[in-house]
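Asker: Respectively, the protein sequence lines represent chains D and V.
Counting along the first sequence from 1, when you hit position 26 you're at 25 in numbering that gives the first Met the number 0, and nothing is skipped either side.
Counting along the second sequence from 1, when you hit position 213 you're at 212 in numbering that gives the first Met the number 0, and nothing is skipped either side.
Do not take every clue at face value.
Distance windows between CB atoms, simulated [said to hold, decoys possible]: (1) D/L346 - V/E253: 45 to 51 Å; (2) V/R284 - D/D270: 46 to 52 Å; (3) D/A288 - V/D27: 43 to 49 Å; (4) V/R124 - D/P392: 39 to 45 Å; (5) V/V78 - D/P162: 52 to 58 Å; (6) D/G406 - V/R309: 45 to 51 Å; (7) V/E30 - D/G406: 55 to 61 Å; (8) D/Q211 - V/R252: 39 to 45 Å.
Pulled from the structure, derived: some chain D residues nowhere near chain V, Cβ distances all over 12 Å [said to hold, decoys possible]: (9) A26; (10) A117; (11) K163; (12) R198; (13) T201; (14) K249; (15) S314; (16) V410.
Selected chain D positions facing chain V (in silico; Cβ < 8 Å) [to be verified]: (17) A109; (18) L205; (19) G228; (20) E320.
No wet-lab data here; the hints were simulated from the structure.
Yeah, the Cβ is synthetic: ideal placement off N, Cα and C, and Gly gets one too.
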Amino acid sequence: MTSLLIKNGRLIDPSQNIDAERDLWLAGGRVKAVDRPGAFSSGSAEKNIDAQGLWVLPGLIDMHVHLREPGHEYKETVASGLAAAAAGGFTAVLAMPNTSPPLDNAQEVAALLERGRAAASARVWPAAAMTRGRRGEDLTEYQDLKNAGAVAVTDDGSWVRNPKVLRRVLDYAAVCGLLPLCHAEDHDLAEGGAIHEGRVSTRLGLPGIPAQAEINAVTRDINMVELSGRPLHFCHISTRGAIEAIGSAKAKGLPVSCETAPHYLFLTHEDVGDYDPNAKMNPPLRGEADRDSLLAALADGTVDALATDHAPHSSLEKDVEFIDAAFGVIGLESALPLALELVRRRLISPSRLVELMSLNPARLLNIPGGSLAPGQPADLTLVDPNLAFTLRPEDSRSLSRNSPFWGRDFVGRAVKTLVGGREV
Amino acid sequence: MSDIVRTFPKDLIDLDQFSPEQLTHILDTAENFKEVSEREIKKVPTLRGKLVVIFFHENSTRTRLSFEVAAKRLSADTVALSASGSSLSKGESLLDTARNIEAMHPDALVIRHGASGTPGFLGRRLSFPVLNAGDGAHAHPTQALLDMLTLREVKGRLDGLRIAIIGDIAHSRVARSNMIGLSKMGARVAVAGPPSMMAVELAETYGVEVYNRPEPAIEGADGVMMLRIQLERQTGALFPGNREYALVYGLSRERLKLAKEDAVILHPGPVNQGVELSPELYEDRRSVILPQVTNGVAVRMALLYLLIERPGQAEAA
């Protein structure tokens with residue numbers, strides 16, 4: 000394996016409390032050493048990368064990605080999704096199990112990992128189905144899934160309605176060392192809804208999804224965490240009420256964590272505008288107060304991770320009557336530029352960005368990475384914080400085009416993504 | 000005048016696209032066209048050689064008939080399309096429909112669709128005018144205009160009127176377009192209905208008064224518009240039943256006493272007699288339900304003419 004020297008960059012690695020100029024020596028696919036600029040001679044490595052003016056970050060990890068393979072390869076494949084991830088600065092993604100067939104057995108987990116290896120791009124970590132067929136009834140075989148390579152379980156897209164089932168999920172997932180991820184939505188209350196229930200749903204004559212659909216589910220699930228004492232992670236939190244409930248649970252010492260997605264931080268239901276299907280996702284874009292609470296929670300630590308909920312859909316699902324349009328937007332190539340915008344607006348620090356997009360996902364999922372301490376995988380994201388560009392659909396690596404951010408001007412993006420010391 | 004027409008949008012999606020002056024111009028034009036329907040030969044050559052496609056993706060009798068009559072009185076050719084029996088998925092059929100209609104080179108498309116937002120979806124993809132004949136719970140601009148024309152005829156004005164709209168506001172495109180149009184013309188709108196039939200933030204969104212009992216809305220009203228209770232649109236029980244609805248919200252002679260003495264009764268039809276409107280009032284002298292239908296043809300003639308011909312635009316260009 001080749002050795003590589005990354006020189007003169009600004010290393011931002013909260014796992015080591017570093018935000019300073021550092022050189023990194025990578026060899027054998029791992030970080031060998033980190034030291035002051037010039038500490039390693041250029042000749043000591045086979046290859047040198049001059050990172051002058053760049054940020055050197057532990058590789059970004061997106062813990063919420065829909066890769067669509069198997070079943071919907073026209074929307075995204077493992078290879079295209081991982082290519083989009085790498086282009087967006089992600090060195091690893093957590094793949095959601097709502098494929099067709101769903102990822103609810105060891106064979107499917109192994110097949111996903113094999114597709115990931117073949118893609119030779121960003122790493123893929125499998126999240127397996129929490130229950131068989133994602134029906135919220137019988138648990139899948141967690142140890143078998145874990146042995147096959149799964150790191151989390153989730154019925155993302157569906158909430159586990161039955162609290163007794165959730166209790167078993169929490170207890171048994173902890174025994175097997177898998178993180179349970181919860182899609183918190185009271186389906187009875189949300190049923191039929193297209194967008195957030197509020198001024199815009201009223202104006203457009205669309206059935207609404209009240210904020211309480213999320214809050215009800217989060218509140219009940221927190222009660223179940225209290226009963227079980229085991230960890231639970233909440234996916235794509237979108238409301239002030241839910242983030243407040245999670246903040247209170249954390250203050251009580253309950254083992255809950257959560258993520259939100261960039262679109263909830265930048266857009267509101269007003270962005271649905273004139274029935275824009277690229278502003279339709281589940282949970283829906285909420286109100287300004289929700290967005291502001293999420294921004295505050297992102298800064299103060301209540302939000303643990305920023306994850307995209309990358310959900311590719313083709314024009315067949317999106318370019319239709321709004322009520323019939325599929326929920327979801329892609330996000331792998333816009334997430335880091337958006338997060339860098341939050342840094343420029345001084346809402347979060349660069350270190351906090353790394354916590355949200357690398358360190359915390361690695362810790363929550365108990366996977367390698369999230370750090371560039373010696374011995375860690377040589378997974379790095381090199382960011383040019385001053386590179387101005389416009390996000391354009393023709394530049395995207397994803398097979399789908401359902402982004403609400405096309406045409407947006409950004410400053411800052413990933414310029415190199417290294418996985419195991421290899422540029423991808 | 001030419002400014003008023005030059006800035007007309009390509010499509011008729013909802014009344015929020017128009018200024019009060021433009022709405023007045025539409026109503027004035029409709030008033031002029033009313034005379035055509037009273038002639039012995041009820042036809043003018045205004046749109047001769049023009050093709051109007053009338054595509055109803057949802058059942059309707061009077062709106063469809065009204066648009067066909069309006070187009071024919073203007074000498075336009077009409078083609079009626081209905082979506083029933085299509086085996087394509089909804090999404091494919093809508094885009095396909097748009098492409099197929101475009102390929103026939105019509106001069107206007109009239110669209111009724113159950114999904115909110117569909118007329119705008121088609122309007123953005125088609126080069127000729129699209130006229131919304133009702134989309135989901137979103138908008139029904141020609142209905143609101145015919146209501147406004149009827150009120151203006153009877154009352155002589157819209158500015159300063161107080162209009163009550165009673166019923167299932169949440170699911171009513173008629174209510175939405177009327178809240179927008181009447182408010183723009185200076186009328187004061189009060190809406191009332193059971194909480195389960197009210198959309199959120201109505202007051203903030205439309206600048207209307209909102210009540211859960213009909214009495215405060217009807218009090219002092221110049222016009223009372225009773226909405227059809229559309230049980231076919233409801234998922235789950237929004238109200239205990241028709242009898243209970245009639246008891247609490249139905250318009251009766253007694254309840255109408257709260258309105259001004261010369262108040263008129265409007266209804267977009269078809270009426271559920273004995274539910275939202277007591278049978279005695281359907282025949283009441285204060286009912287303008289049938290004049291509404293007559294005015295519907297005039298309003299649709301005006302809109303077809305204004306959007307297809309765009310009079311006043313040529314000399315302004």
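Asker: Please go over all the hints and tell whether each is borne out by the structure.
Answerer: Quick rundown of the hints versus the structure:
Separation of D/L346 from V/E253 is about 60 Å and departs from the stated range, judged on CB atoms against 45 to 51 Å. As the Cβ distance of V/R284 to D/D270 is approximately 50 Å, the hint placing it in 46 to 52 Å holds. In this structure the supplied range 43 to 49 Å holds for D/A288 paired with V/D27, their Cβ-Cβ distance being about 44 Å. Checking the proposed 39 to 45 Å range against V/R124 and D/P392 shows it is violated: the Cβ atoms sit about 18 Å from each other.
The hint said 52 to 58 Å for the Cβ distance between V/V78 and D/P162, and at roughly 57 Å that hint holds. At roughly 31 Å, the beta carbons of D/G406 and V/R309 sit outside the given window of 45 to 51 Å. Taking 55 to 61 Å as the suggested C-beta distance range, the pair V/E30 and D/G406 does not conform, at roughly 45 Å. Restraint check, D/Q211 to V/R252: a C-beta distance of roughly 41 Å satisfies the suggested window 39 to 45 Å.
Its beta-carbon lying about 52 Å from the closest one in chain V, D/A26 satisfies the requirement of being farther than 12 Å from that chain. Distance check for D/A117 against chain V: the nearest CB is about 33 Å away, which clears 12 Å, and the non-interface claim stands. Annotated as non-interface, D/K163 keeps its C-beta farther than 12 Å from every C-beta of chain V; the closest such distance is 26 Å. For D/R198, the requirement that its beta carbon stay farther than 12 Å from each beta carbon of chain V is not met, with the minimum near 5 Å.
With a least beta-carbon separation of about 4 Å from chain V, D/T201 fails to lie farther than 12 Å from that chain, contradicting its non-interface assignment. No beta-carbon of chain V is positioned within 12 Å of the beta-carbon of D/K249; the least distance is around 30 Å. Not every C-beta of chain V lies more than 12 Å from that of D/S314, the closest at about 9 Å, which undercuts listing it as non-interface. Remark: the non-interface label on D/V410 is consistent with the geometry, its nearest Cβ contact in chain V lying 31 Å away (cut-off 12 Å).
Given the 8 Å rule on beta carbons, the hint for D/A109 is violated: about 34 Å separates it from the nearest Cβ of chain V. Annotation: D/L205 was flagged as interfacial toward chain V, and the flag holds, the nearest CB pair being 5 Å apart, inside 8 Å. A cut of 8 Å between beta carbons decides the hint on D/G228: the least distance to chain V is about 37 Å, and the hint is violated. Below 8 Å, beta-carbon pairs count as interface contacts, and D/E320 has one with chain V at about 4 Å; its hint therefore holds.
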